[in-house]
Structures are given as C-alpha cells and as structure tokens.
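8 protein chains.
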Amino acid sequence: MSATPGFIRKEDAVVLMLDHQTGLFSLVRDFQPDEFRNNVLALAATAKYFGLPTILATSMDQGPNGVLLPQLREILPDAPVIKRPGEINAWDNPEFLTTLKATGKKQIIVAGIVTDVCVAMPTLSALAEGYEVFVVVDASGTFSNVARDSAHIRMANAGAQLINWFAVACELQRDWRNGLEGLAALFEKHIPDYGNLISGLKR
Amino acid sequence: MSATPGFIRKEDAVVLMLDHQTGLFSLVRDFQPDEFRNNVLALAATAKYFGLPTILATSMDQGPNGVLLPQLREILPDAPVIKRPGEINAWDNPEFLTTLKATGKKQIIVAGIVTDVCVAMPTLSALAEGYEVFVVVDASGTFSNVARDSAHIRMANAGAQLINWFAVACELQRDWRNGLEGLAALFEKHIPDYGNLISGLKR
Amino acid sequence: MSATPGFIRKEDAVVLMLDHQTGLFSLVRDFQPDEFRNNVLALAATAKYFGLPTILATSMDQGPNGVLLPQLREILPDAPVIKRPGEINAWDNPEFLTTLKATGKKQIIVAGIVTDVCVAMPTLSALAEGYEVFVVVDASGTFSNVARDSAHIRMANAGAQLINWFAVACELQRDWRNGLEGLAALFEKHIPDYGNLISGLKR
Amino acid sequence: MSATPGFIRKEDAVVLMLDHQTGLFSLVRDFQPDEFRNNVLALAATAKYFGLPTILATSMDQGPNGVLLPQLREILPDAPVIKRPGEINAWDNPEFLTTLKATGKKQIIVAGIVTDVCVAMPTLSALAEGYEVFVVVDASGTFSNVARDSAHIRMANAGAQLINWFAVACELQRDWRNGLEGLAALFEKHIPDYGNLISGLKR
Amino acid sequence: MSATPGFIRKEDAVVLMLDHQTGLFSLVRDFQPDEFRNNVLALAATAKYFGLPTILATSMDQGPNGVLLPQLREILPDAPVIKRPGEINAWDNPEFLTTLKATGKKQIIVAGIVTDVCVAMPTLSALAEGYEVFVVVDASGTFSNVARDSAHIRMANAGAQLINWFAVACELQRDWRNGLEGLAALFEKHIPDYGNLISGLKR
Amino acid sequence: MSATPGFIRKEDAVVLMLDHQTGLFSLVRDFQPDEFRNNVLALAATAKYFGLPTILATSMDQGPNGVLLPQLREILPDAPVIKRPGEINAWDNPEFLTTLKATGKKQIIVAGIVTDVCVAMPTLSALAEGYEVFVVVDASGTFSNVARDSAHIRMANAGAQLINWFAVACELQRDWRNGLEGLAALFEKHIPDYGNLISGLKR
Amino acid sequence: MSATPGFIRKEDAVVLMLDHQTGLFSLVRDFQPDEFRNNVLALAATAKYFGLPTILATSMDQGPNGVLLPQLREILPDAPVIKRPGEINAWDNPEFLTTLKATGKKQIIVAGIVTDVCVAMPTLSALAEGYEVFVVVDASGTFSNVARDSAHIRMANAGAQLINWFAVACELQRDWRNGLEGLAALFEKHIPDYGNLISGLKR
Amino acid sequence: MSATPGFIRKEDAVVLMLDHQTGLFSLVRDFQPDEFRNNVLALAATAKYFGLPTILATSMDQGPNGVLLPQLREILPDAPVIKRPGEINAWDNPEFLTTLKATGKKQIIVAGIVTDVCVAMPTLSALAEGYEVFVVVDASGTFSNVARDSAHIRMANAGAQLINWFAVACELQRDWRNGLEGLAALFEKHIPDYGNLISGLKR
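Chains A, B, C, D, E, F, G and H, in that order, give the protein sequences. Start counting the first sequence at 1; every next residue gets the next number (full-length UniProt numbering). Start counting the second sequence at 1; every next residue gets the next number (full-length UniProt numbering). Start counting the third sequence at 1; every next residue gets the next number (full-length UniProt numbering). Start counting the fourth sequence at 1; every next residue gets the next number (full-length UniProt numbering). Start counting the fifth sequence at 1; every next residue gets the next number (full-length UniProt numbering). Start counting the sixth sequence at 1; every next residue gets the next number (full-length UniProt numbering). Start counting the seventh sequence at 1; every next residue gets the next number (full-length UniProt numbering). Start counting the eighth sequence at 1; every next residue gets the next number (full-length UniProt numbering).
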C-alpha cells in the first residue's frame, strides 16, 4: 500500500457541512459574499449530484449564529440536520457522531464556518480516529486570510488534505463519461466562466 | 433650476444593457466571475421590477464575442435585442437609436462589456445629445482596473454620473413603502448578506 | 469671496450619521470591521467633543437593517434619532428635514451606510439646496471599492468635499491650544498608533 | 496515544504575551492598527475570562521599544511582568523561565511582537524542551507578510500549532453552555460583526 | 458645437510613443512586465494597422535610459525616431515639434515612460496649444500606482482624455466591417482571452 | 544516497503539458492573461530547447474545454497529443500512460489547467508509483489563489517539488556555458526584463 | 495666457515640508516605511539640488508628534524650521506665513504628514490666496488609502496639481544638459532601479 | 540532542550573498525596489557587524546580469567575490566551494537573486551535504510571489529554515547587552520605524 494520499472515492465518502448559518456568514471576510455563497451551494449540489451521504449541522441556531442557510436546505432537503445545543466541536455532539458513524464511511469531506474552529476541530478529531479528511477550503470561511492560512497549515500538518469544491466534484466523477450532462449542468450553474463556454457551444 | 446632478426618475429612464455576451465575459478581469454575473443579472432584475423600458444589444454575436448571456435573456424575455452587424458604438446603429428614441426617455442607465468601449462610446454620444447618463459601474466590466478607472474618469468628466446597481434600485424605489416585498426579494436574491439578514428575521 | 472650498467651521456645522444600523454593518465590505466600527465611533466622539448638533437616523429599524449601533447611541445619548418609516433618502423625511433646518447650520458633515445611497442621496439633495457638504469617507461604508469610488466621484463632481474623520476633528480644533487634552484623549482612544505615541511619553 | 496534534486544554495551558510594547507596535505592518490592537486585547481578555495563568514580558522598556501597552495591563493587572534587561529570547531570562515553569503547565499559548523573533525564539526553545506550543498568529505582528509567513512555516515545521485568538477561546470553552454569557460578551466586544448579531437579537 | 469630448478620428490623429527605452522599462512598477510590454507593442501595432502617422522618441539613449525597445522598432521600422539630446519634455525639442506639426493633426494619442514626466509634460504642453490629447494609460508606465493616479488626475483635470489601447483601436475602427480580419488579428495577438475565443471558433 | 530532494536531470525528465485548452484558459484567475500565456509558452519552449520528451494532452476537446492552444502546438509540433475522451485524471488514460512509460523517464515535469485537478491528480498518481514530480506552478492555472495554494500544499505534502518554469530551465542548463546563446534567446523572448538587459548590451 | 495648468518654474517655486516628525511617521500607512522615508528625503535633496527656498515646519514637537526627522534636517541644515506651538494649519502661524511670503514665490511645492490635514489645509489656504500649489503625493503620508485618495480629490478639485517627487525634479531640470551629473546622482541615490542602470554603465 | 531546529550560532555561521547584481535586481518583482535594496544592504551590514565570514558571488558579470551591487561591495570591501564563469548553482563552482569549506562553518545563511534558482540550488546542495541552511527571505528576490512561495515551500520541505534579516541579527546578538549601541545603530539605519523611535528618545 502506497503512503501517497489517496483521492476521494465515491463509495467511501461522507460530506459534513457545518454551521453554514445566516448569522455566521456575516463573519466571513476571506471571501466576497457572492463567491462564498456560490461555493457553499456548489458543494451541496455536488454532494447531491453524486448521492453522497451528507450531514448538516448548526450551532445554537436560536441565537446570533442564525438559522441554516435556507438555500442550502433547499438543495439538500432530506439531509439530517444536527442542531447542537452548545458543543463547539461537532465531534463532541453524540447525535452528530452517531449519525456520522452510521454512514460507515471513512473519508470525510468537510466545510463550515468558521474554518479555524467549526472545521478545524472536527478535522483534528477525525484524523485522530483514523479518518481521511478532505477540507473544502473554498466552502469554508473565516475572519481573515491569516486566520484561514494558519488553520490550513494546522490541519494539513495534522494530515488533512486541502481541496476545493471543483476538485471534489472531479475526483468523484473521475471520467466525464460517467454522466456528462449532470456534471456539465453542475459546472454551468456554479462556474460562470464554464457556463459561458457551454452556452457558447449551444449557439 | 439647480445645476446639481439629479436622481434617476422612474418615469424618465431607460436601461441599456450592451454586449453582455458569453465570449466577452471572458475578457472581464476587474471583477470576479461570480460577483460580476450577479451584478449584471441584478441590474436586469431591477429594470424588470420597476418596469423600465430596457434595450439589449449584441455585437457580432455569430463570432467570438458569443451569444447574449442566456440568464440575462431569461429575466428580460421581451426586451428588444438589437443585433449589431458591426457598429462598435451602439449609437451608430440606426435600429438601436430608433428604438432608444422611441422610448422618449431622457435619462439613460447603461451597462455593458467592455466599459471603456461598449459603455464609454454610447455614453459620450448620449451626453453630446443632451441625455443624462448614469453608468452602472458594477454591471460593466473590462480588462483591468486601470482601463476601468480611466474610462470612469473620462465619462464622469464628460458629465456622466457613476452609480452601482444597488443605488439604481434605491433611487427608483425612493421609499420602501412603494412595494416593500418586491424590493426585499430583489435584494435577498442578489445580495447574499442582505438575504441572510432577511432569512434571520423569518426565524 | 474666494471660490476655494472652505474648511469646516465649528459654528456653522451639523453632523448627520445615517443608518449606522447593526444589520447594515454586515453589508460593508470596503473596510475591515474593526477599522470601520472605530471610525464610526470616532466621528461620533468628535461631534460630541466639539458640541456639534448631531442628528442620527435609521431606516426601517424593525426589519433586516437592524437597530442603531448601541455603541454609537452610548456616545450620543441625547442626539435626536429620526426613525424613517420608509424613505430611502433621509432628505425625503419631513421630520428629518425639519430637525436639520432647525439647527440653522449651512455646513453638513455626513456619514452613513451605504455610501452610495444613504450618504449620496442626501448629499446631492443638500448640495442642490445650497448647503456645503463634507462627506466623511471613512465613517461611511458600502459593498465594494468600486461602489465607493464611484459614489465619491459622483458626490465630489456635484460639489461635495471628501474628508476623513481625523481631518474633521482637526478642522474643528484649528489649534491644539484650543483644548489640548481633549483632542489628545480623542486621538489616543481612536488612533492606536497615536495612543502608543502618547503612552510612550507618559513613561 | 494518537500522534494527532491535540487541542488546547484549559487545565494545561499558560499564556505568554511577549513585548507588546508601545514602541514595538509601530513596527507592525502585517496588520492594520485597529485590528491588531483589538486582537492583542482580545487574547488578553480571553486569558482573563478563562482564568489561565498569564505571563507578560517586556524587552528593555526604558528604551525605544516603549512601555507595555497600557490597555493590555488594564485587562491583566495582576499578571507577572518580566522586564528583561537584554535577553532577546525570553527563554534566556531566568526569571521568565522560573515563572513559567512554576505554573507547571505543558501547553504554551504565545503571542508577541515581533513574530519572527520575540515569538519564534521562545517557541523553538519551548518545543525543544517538549512543550506543546500554540502560536496566536493574529495577536503577533511583524514587519511584513513575507517575514510573518516565513516565521509561521519555520515554527510550524518545528512542531508548533498556528492558531488565532478566536480559536483559542473556542477550544478553551469547548461548549457554549460552559458560560454562555461570558463568551458572548467577549465576542461582542472584540468581534464587531458578532456584536452586531447579538445587538440585533436584543431588539 | 457640443462641448462633449469627442472620439478619436482616424484622419485627425497622430501617435506619439515617448521613451519606451530598455532601461526605463525597469523603472515601471505599476504593471507586470509581460502585460506592459504587450500593451506597448499593441499600441504600436494599432498605429500601424490604421496607418496613423507615428513619432517615436528617446531620451539620452546612450546613457542609462537605454535604447528604443527593439520589438517596438520592428513593428514601426519607418516611423521617425527623435533622439532628444537632453530635453525632458519632448515638446521642448525643436525637431520633435516640427515633425509633429508637419503631420497637421490636431488629435494626439500619447504613451510613454514615465507617465508622470515623459507623458505628462508633452500632454500639458499640447493641451496649452489647443490640441486634443488622448493619454494611453496602459501603454504608459511609472514607479508606483500613486504616481500614476496623480498624473492621471493632473492630466485629466487639464483636459486630457484617459483611454486604453483597446479603446483607441475600437474608436479608430468604428465598425467591425471596416476590415474584420485585420482587427481580429490584432486582438488575437495582443489579447490572450480574445485569441482563445477566436481559436475556439476555428475548430 | 541523500534523502534531499534532487534537481531535475536532463536525461531523466519528461514534460507533461495537460489541458492547456482555449476554453479552459478562461477559467484561470490566479494569473493575468498575458503573464499566464507567456509562462505556458515559455515552458514549452524550454522543453523544446533542451530536447526533452514532451507529452501534450487535452480533455474532451470537442466540447467547452476548447482546443489545444494553437501557439503551444506551434512550438511543439511533433509532440504526441493525447486526446482523452473522458478521463479527468490523465493517468487513467491508457494511451497517455503507455506513452509516458515508453519514455522510460522517472522525473516528471508537469503543468496544466486547472492546477487542482488536471495537475494534482496525475501528480498524486505519479508519486504513488514512485516518480519524482516537479509541478511547474506558473504554467498551471486555476480559479482562485485559495484553490491554487491548497493544491500546492496538497501536492507538496505528498512529495512533489514546486518549481517555476525559469528554475526548470536553469536546472536543465546547469551551466551557462552549455549553450549560452540558446538560453539567452529563451530568456530574452519570455522575460521582458531580461530581454531589456540583453538589448541594452547590444548597444 | 493659457488656462492650462503650468509647470513648476525654478525661479518661482518654494518648497514646504510640513511636520515630517518622528512620531507622525508611525501614523503613515499608505506607504511602506522604506519607500516613504526615501521619498521624503528625495524631495529634500531635490530642493537642495535646485537651490529652492525651503521651509520646514513642525507641530508641537515636544509632544507625541516627535522631532523633525533628523535625516531630513541633515540634508537641509540651513532651512528655516517653523515650530508651531499649536496651529494645525501652518498657514495660521504668522511666522510661517511671513517666512513664506518673504520668499516672494507664487508656486508652492508642498508635502507633509498627514496628507489630509497638514498638507490639505495649507493647500486650500494657499489656493484661496491665488498661489499655484503642487502637492507632492509620494512625500506625503496618512492613515489609509481612502484618506489619501479623498484628500487628493479634495485638493485637486480646489485647483491643486498632484505630482510626485520625480516629476518635481524633472520639471525643475527641464533639460538633462542643465547639469547631467547632479541629476544622475540624485536619481542614483533615491531610485534603486535607476541606480542600477547607472552602475551597470560604469562597468 | 533535540531534533528541534536550532538557532543561528555566531561561531558556526557563514553568510553567502549570491548574485546581487545590478542587472538581476531589475528582475525582482516580489519586493518594492526601496525595500529590497535596503534588505540586502541590511543583511550585509549584519554580517559585517557580527564579523561573520561572508562570501559574495556573481554570475557572468560581464553580461546582462550586471555587476555586483556597488553599495553592497562598499559595506563588505574585503569579502571574497567569486565570479562564476557559468555555473548557475554556486555549489558547482570549485572556487566557491573551496572558499566556503575553508571557513569550516556548518551553518549557512544565504540570500540571493533569484530565490528559486540562485538561492534554491545551493540550499538544496548544502542540505544534501548536511549543512544547516537559513534562507534569508527578504534579502532574496524573484519574479513573482508564486515563484517565491513555491521556492520557499521547496526549500523548507527539504529542511531549510526560512528567516528574515532582522531575525538573523537578533539570533546572532542573543542579548542586547552584547553591544547595545552597535545593534541600535544597525536598526536605526535599516528600519525607518525603529530609527524614528530611537530619534524620538534623543530629544
């Protein structure tokens, strides 16, 4: 067995989208708002398109953190939503952990707000238990570039792989012939430049 | 009569959206793609919401410039589309000019790709004929910030007012009580931060 | 009389702080949050220190725009707060206009959120009626740099003077000997680098 | 025992704030002044809120480096302040080392000015002696981004974990129910966007 | 006659390319080297394509300023090159002025290194004598953005129009049907994104 | 044998240029277009100059991804072009793998669009099979800086060496005396500043 | 007489360097420290080289503003230094005004810290009295880019000309033959790139 | 012996300054010119102040690379200068290697132009032979940030420590009492902000 880090495998992966809540979005300053909302929804649409088990979570959604982003819920209406009453690290919430472990998956694809806490803590916890973790950097946001970069280094040095949502989709697809139209529709909707290339062809 | 530049008046204004074509979008480097597509569609949705006469135009849409952005067309399916066979300045196209003048409006709200040509040329032409011109800076794109800033100075010094799509919407609305829900829906869709504030209230 | 733009004169000036509301702050992307909140509070503290009449205003503060920034209210507990039920341009609100005109001042120092609407509209209205207008650029915020810069050009070309809060304070003070300690305290609190210089001297 | 890097544990941690002196603040160019002062004070307030032993230090505070930031001292009036007569690496100062070792803690949370010297040197010394070190990147400042990034890489490659003050607070808190109001007050004061969310709820 | 600034007219325009010398290129820091060299050559190619009279100039080309950019000379092998023995403002050189006036043109299209001197001085001199001046901002370079922006404001306030090379080409062409292939070839060579659109069509 | 990462050795290296297609270029936002096209062509010219075996590849070149950049093809007219009918990871394409393995080389120099997929996937695959991989960072492009940086960290942590095209050329050359004029010509063409230095000498 | 703004004329100009004090330098955030100190000294050296009358000034130099920059004083040991006891606008200080008027010059070249106050106030005062004012933008510094840009617009709209120190030197020199070695030495010292070009020639 | 990376030790270190040549400086785009020249000279002055053996080198200094920076030579007039006739990697030059090995030092402090070649190659060579290598990141320059960052990662992953010149000086000094005035003079000259703090004290 090679020690080289592996790719995401569709049959082994679960997606965790943590604390994408309306209040917390206002804390995110390492992305522009249009770009960030799009990235979050794109990851959700990717999870849906490939039929990956997906777990949503919120933290104290009655308070200032706000409610789960409604547009995210619309894409994934059937995903379980774990409403944490207080645990900052989702891994500390028994319901969350049970739900995750019930999937039986060993590869975790994770994104959330904020990168340095809601993503970093479960990432480190999962790595400690032997999971492979793929942190989706562009669907995770935080206060500043320095907070982001430091969290990235911390997680990567602990063994996580840093990845963007587009690469997640491509690793799951592996071959365009595994459903050309679906992938094209996903990219057309969430990558304006790709959409323009596709529209240009339809002429 | 005051010499102070006036606001946009709903009854006097026409919207020109020039050359928002799939090929030309790939030339735009003064905005990120997500942000720019959103701004363009937001201006179209504003024009539609306020029922302003709107004229779309393309330049040589059989060639590399590409076709009219389909998502823009979906918002404004009934707006006239002037397909210019070669004139770079829309003002030089008789059909365009006739269509514009038939609206009888004297305030022009204009956006397009690229700012320094497809927007600047008709802006200067319109100002020379006595129109008031409002250039929508964030729904217009070009190659670089230096090209943009120079075109802004050129147009502003010639008498144009520089404005962003949000301000266009607000000047047309004047009072939130002139249709609260419509404006809120417009902002919810096209301003993620505003959408999050509104979603938070619905809790 | 010289046509050169004049300075702010303490006896002629009124301060307008428009729509610095908790929800609207989340729309501001042309400043970092720490810097912007500090600038807003610094302008309020400047107005208080010099005893300038100051008018606060909010727009639909029961909705997503949120409530008046509490820290701002703490600095200026006695200033009138005009709660506009819908008018986007404060100038369109009779109570606001009456309150403003009752001050008898002809120099307006104005800041607000967002620059391109809540600041730009009353600025243009005031200029049209012959007021001198000083736009406090660093206590006003908006969606993007391009929106800000365009609003600045529009207002400046209409006759407004662009200024930052520090320059407002300095023009009002004119001479350090007009109350050295008060001004130093203002700067020590709101300009970290200045505060460090002052602390260094106390050693 | 897992090799995965662990979290900060309240019972095992000591905070070191090194050389946050009024003169040295003027050397910091990798943060804006408002943001940086706020971050430093936020880390101090975090240490205080969680009751962590905290050691302050200065370097030659009679000279150009200036005095300990007074606002920092106000938050932590009882923390020991080690005034180093010349040692650049605090670890070389016997009083500092004795004070640190007397706490019996094995996790060090460290910040200071400048990152590449006053933070990096004791970090490397502590790692060499088997401490776990958490470098608080946003309460540490230096001359430039390239100096910062290089120091980060150097420390991370030596085994330090890079973290921001917000994540420090969250790892110490672990669960919002461990004192909801205290944490909320901390965030309300030091994170303007969070403060606005909380203020909005009070309406 | 309208006071609105006019467009460039092919029959009335002369191009001045001032001091694009190999040494002076190393002073240019407001553009990346690839982008800037391309812009300069693109302006030369535009002048050639439209057959505009073009005057090149150098300043002390035996010294540190270096020789005329060879690639520029290759595009315009027959243009006169005025080698100024010392005059900083080309307008002060009799041979230059004579050559310019002999063209009989009243519209000057000018670019050079550095923007704030070699472009600004002849621009102000030409405006003072009643010429229309179009400053090609992206084929002119200087030490910093602040030097550039200030020179732009100075020249624009004196009456110059700021423009980029692409807009120069488009105003000269006016209609794509005035030689579609030539213009397309010009853009394909000097605008990579445009080139890619054109190549895509050839498939 | 030292564990230190080695240099590129001319006799052991093969160059892979993956998916430099006209459509995909419009997705690249981490470089300006002029700079990026130049870097890509410079890498190709380097491969050619040193006579390295080079394999080009495209992905679905009948669709929106577009055709192989014609200027790249002109430099390397004889290199094999593997047209992948669907495989996203070139390593999954048997023809590609056969062609690569037929070279017998164990050092791979790779660049492509986009960095996080078309470069990262074959890089990880090659590392897993024991190849030394050199990722040419400035001839590879993607959507954003955060996507790029994350892919770099992922690949570097897996064992790849990050390098730029200039360093590739220098490691292949080792000594200027191994063909001074050829290397100088390469740099003169693709590094404007170097070209200006060389031109200056010819005076 | 032409209305076009004129150049600086050596026989008509006086240089004002206002409040370049050691404390105030730490407030400057729109330039990097190395670059800004160099620009300030370069302007002083320019004034000295051309023998222009130069007036230095300080504001409360016993307090936090600090003393006059020693390196500046070394260049201009004989220039008068007006130590203002409190007036923020140097124009309000009788000694300053008398000294200035005694020069009999009508063109003012001014720089200082901070741009928006110590430069802007005397600039507006001088313009009101009919002086021509040249604001040296790169030898003047302030808190932020937005403060700088706004002050630039305010001053330029009032009639000031924005210029950088290099352009000041060039307008004073007019012709390289008016003392080639002196100008070259000035540039060699204060423009590293120019210095390198000159050093290269000496080989 | 601890595996933690050690500090620079004065008795064990040699300084290599590679290819700081007048031509090559014009290639450096990851620093502003003032800042970079200052950093290079500061490192030289540091080497001199601590009396470290220092080796200078040039590459083909009769050609476009230019001559050794004269100001650097002035600081270190007695250091050996190895003029490489062609070897790109200084390690490949026998005279260089002999000179280096004759020092008997095992810690190498290295800087040069360009980072990714002239610094990276000898760094990797030295690491392979068991040297400790400290790469001075701010006295080394290259074409772009992406080239720099990649070279940093490559060298750091191979075992080099990244450091800035200020940290080099501090690690060599260890304690301010080891010659307070000399270090202060070094910082006063090369760190403007530090200089201002020191000047302020002299008042």
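Just so you know, the hints here were simulated from the structure itself, not pulled from any lab data. Quantities reported herein were computed from a predicted structural model and do not represent experimental measurements. Careful, some of the hints might be misleading.
Unchecked claim - Here are the simulated DSS-like pairs of lysine-lysine, each with C-alpha atoms no more than 25 Å apart in a straight line:
1. LYS189/E - LYS105/F
2. LYS83/H - LYS105/H
3. LYS189/H - LYS189/G
4. LYS189/A - LYS202/A
5. LYS189/B - LYS106/B
6. LYS48/E - LYS101/E
7. LYS202/C - LYS106/D
8. LYS105/C - LYS189/C
9. LYS48/D - LYS83/D
10. LYS189/D - LYS189/C
11. LYS189/E - LYS189/F
12. LYS83/H - LYS202/G
13. LYS83/E - LYS202/F
14. LYS202/D - LYS189/D
15. LYS48/B - LYS106/B
16. LYS48/H - LYS83/D
17. LYS10/H - LYS105/H
18. LYS83/G - LYS10/H
19. LYS83/D - LYS48/C
20. LYS83/A - LYS202/B
21. LYS83/C - LYS202/D
22. LYS202/E - LYS83/F
23. LYS10/H - LYS106/H
24. LYS189/G - LYS105/H
25. LYS83/G - LYS48/G
26. LYS10/G - LYS48/G
27. LYS48/H - LYS48/G
28. LYS202/A - LYS202/E
29. LYS83/E - LYS202/G
30. LYS202/F - LYS83/G
31. LYS10/B - LYS105/B
32. LYS10/C - LYS48/C
33. LYS202/B - LYS202/C
34. LYS105/F - LYS48/F
35. LYS202/A - LYS10/B
Evaluated hints:
1. Taking the CA atoms of LYS189/E and LYS105/F, the gap is about 36 Å. The hint is violated against a cut of 25 Å.
2. A threshold of 25 Å between alpha carbons decides the hint, and for LYS83/H with LYS105/H the separation of about 21 Å falls inside it, so the pair holds.
3. Between LYS189/H and LYS189/G, the direct Cα distance comes to roughly 15 Å. Compliance with the 25 Å bound is thereby established for this hinted pair.
4. With a C-alpha separation of about 15 Å, the suggested pair LYS189/A and LYS202/A falls inside the 25 Å cut-off, and the hint holds.
5. For the hint pairing LYS189/B with LYS106/B, the CA-to-CA distance comes to about 30 Å; that exceeds 25 Å, so the pair is violated.
6. Annotation: proposed proximity of LYS48/E to LYS101/E holds, straight-line Cα distance about 19 Å (limit 25 Å).
7. For the given pair, LYS202/C sits about 37 Å from LYS106/D by alpha-carbon distance, which is inconsistent with the 25 Å threshold.
8. Between LYS105/C and LYS189/C, the direct Cα distance comes to roughly 29 Å. Violation of the 25 Å bound is thereby established for this hinted pair.
9. For the suggested pair LYS48/D and LYS83/D, the alpha carbons sit about 21 Å apart, so the restraint of at most 25 Å is met.
10. Distance restraint check for LYS189/D and LYS189/C: the Cα-Cα separation of roughly 15 Å lies within the 25 Å cut-off, and the hinted pair is therefore satisfied.
11. A threshold of 25 Å between alpha carbons decides the hint, and for LYS189/E with LYS189/F the separation of about 15 Å falls inside it, so the pair holds.
12. At most 25 Å may separate the alpha-carbon atoms for a hinted pair to count; LYS83/H and LYS202/G meet this at roughly 18 Å.
13. Note on LYS83/E and LYS202/F: the hinted pairing holds, with a Cα-Cα distance of about 18 Å set against a maximum of 25 Å.
14. Restraint check: the Cα-Cα separation between LYS202/D and LYS189/D comes to about 15 Å, which is no more than 25 Å; the hinted pair holds.
15. Between LYS48/B and LYS106/B the CA atoms are separated by roughly 19 Å; this keeps the pair inside 25 Å, and the hint holds.
16. A threshold of 25 Å between alpha carbons decides the hint, and for LYS48/H with LYS83/D the separation of about 30 Å lies outside it, so the pair is violated.
17. Between LYS10/H and LYS105/H the alpha-carbon distance is near 10 Å, which keeps this suggested pair within the 25 Å criterion.
18. Simply put, LYS83/G and LYS10/H have alpha-carbon atoms about 46 Å apart, too far for the 25 Å limit, and the pair is violated.
19. Distance check on the hinted pair: LYS83/D and LYS48/C sit about 40 Å apart at the alpha-carbon level, beyond 25 Å; violated.
20. For the given pair, LYS83/A sits about 18 Å from LYS202/B by alpha-carbon distance, which is consistent with the 25 Å threshold.
21. Between LYS83/C and LYS202/D the CA atoms are separated by roughly 18 Å; this keeps the pair inside 25 Å, and the hint holds.
22. At most 25 Å may separate the alpha-carbon atoms for a hinted pair to count; LYS202/E and LYS83/F meet this at roughly 18 Å.
23. At most 25 Å may separate the alpha-carbon atoms for a hinted pair to count; LYS10/H and LYS106/H meet this at roughly 11 Å.
24. The hinted pair formed by LYS189/G and LYS105/H fails the criterion: a straight-line CA distance of about 36 Å is larger than 25 Å.
25. The hinted pair formed by LYS83/G and LYS48/G meets the criterion: a straight-line CA distance of about 21 Å does not exceed 25 Å.
26. For a cut-off of 25 Å, the pair hint linking LYS10/G to LYS48/G stands: about 12 Å separates their Cα positions.
27. As the CA atoms of LYS48/H and LYS48/G are separated by approximately 33 Å, the hinted pair breaks the 25 Å bound.
28. For the proposed pair LYS202/A and LYS202/E, the alpha carbon gap of about 16 Å is at most 25 Å, so the pair holds.
29. In summary, the hint linking LYS83/E to LYS202/G is supported, as the alpha carbons are separated by about 22 Å, within the 25 Å threshold.
30. With a CA separation close to 55 Å, the supplied pair LYS202/F and LYS83/G exceeds the 25 Å bound.
31. For the suggested pair LYS10/B and LYS105/B, the alpha carbons sit about 10 Å apart, so the restraint of at most 25 Å is met.
32. A distance of roughly 12 Å separates the Cα atoms of LYS10/C and LYS48/C; the hinted pair therefore holds under the 25 Å criterion.
33. About 53 Å separates the Cα atoms of LYS202/B and LYS202/C, which puts this hinted pair outside 25 Å; it is violated.
34. About 16 Å separates the Cα atoms of LYS105/F and LYS48/F, which keeps this hinted pair within 25 Å; it holds.
35. For the hint linking LYS202/A to LYS10/B, the alpha-carbon distance of about 36 Å lies beyond 25 Å, and the restraint is violated.
When each numbered hint is compared with the structure, violations occur for hints 1, 5, 7, 8, 16, 18, 19, 24, 27, 30, 33 and 35.
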